[in-house]
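When we follow the working numbering, the leftmost residue of the sequence shown carries the number 140, and every step to the right adds one.
Please note: incorrect hints may appear among the correct ones.
Straight-line C-alpha distance at most 20 Å; calculated DMTMM-like pairs for lysine to aspartate or glutamate [said to hold, decoys possible]:
#1 K246 <-> E183
#2 K225 <-> D200
#3 K225 <-> D211
#4 K182 <-> D211
#5 K214 <-> E227
#6 K235 <-> D211
#7 K225 <-> E185
#8 K246 <-> D200
#9 K235 <-> E185
#10 K214 <-> E183
#11 K246 <-> E185
#12 K214 <-> E185
Don't read these hints as lab results, they were simulated from the structure. A quick note: this is a predicted structure, and the numbers were derived from the prediction, not measured.
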Amino acid sequence: QVQLVESGGGLVQPGGSLRLSCAASVSIFSFNFMGWYRQAPGKERELVAGIIPGGSTTYPDSMKGRFTISRDNAKNTVFLQMNSLKPEDTGVYLCKATIRTMTYWGKGTLVTVSS
140 QVQLVESGGG LVQPGGSLRL SCAASVSIFS FNFMGWYRQA PGKERELVAG
190 IIPGGSTTYP DSMKGRFTIS RDNAKNTVFL QMNSLKPEDT GVYLCKATIR
240 TMTYWGKGTL VTVSS
């Protein structure tokens, strides 16, 4: 059974940074795609950043320049570096992974951006 465990969330002031981690229970090379999504209060879940085994990354235009997704293959972990955080970045950040037609989600980690 594939498990994804997120960590690294917390309370941060506007303009601050956080680094989130998503640890997988299997080799991340198994996945066709891994991504970070954000679930903000009252809003639909949205893609924040994605990465594929070849290393290509994707970001929505609103996230480009502030968020960076990366991975450590040896640790089966994907990271999300978030800089210049804004109050509107507040939400639960969830890790998603797909293997062919199967999709797996972590339980998420809460990020609160507030002064």
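Take the C-alpha atoms of K246 and D200, compute the straight-line distance between them, and say whether it is at most 20 Å. violated, 25 Å
Does E185 sit within 20 Å of K214, going by the straight-line distance between their CA atoms? violated, 26 Å
Take the C-alpha atoms of K246 and E183, compute the straight-line distance between them, and say whether it is at most 20 Å. Roughly 16 Å between the alpha carbons, so the hint for K246 and E183 holds.
Need the status of pair K235, E185: alpha-carbon distance at most 20 Å? holds, 11 Å
Is the hinted pair K246 and E185 satisfied, with a Cα-Cα distance of at most 20 Å? Distance ~15 Å between K246 and E185 Cα, so the pair holds.
Is the straight-line distance between the alpha-carbon of K235 and that of D211 20 Å or less? holds, 16 Å
Starting from K225, check that the Cα of D200 is at most 20 Å away, please. holds, 16 Å
Within 20 Å, alpha carbon to alpha carbon, are K214 and E183? Measuring from Cα to Cα gives roughly 31 Å; hence the hint is violated.
Run the distance test for K225 versus E185: straight-line Cα separation, threshold 20 Å. Given pair K225, E185 holds - Cα atoms ~16 Å apart, limit 20 Å.
Assess, step by step, whether the Cα of K214 is no farther than 20 Å from the Cα of E227, and give holds or violated. Not OK: K214 and E227 at ~31 Å, beyond 20 Å, violated.
Is K182 within 20 Å of D211, Cα to Cα? violated, 31 Å
Does the alpha-carbon distance linking K225 and D211 stay inside the 20 Å limit? violated, 27 Å
Against the hints set out earlier in the document, violations occur for numbers 3, 4, 5, 8, 10 and 12.
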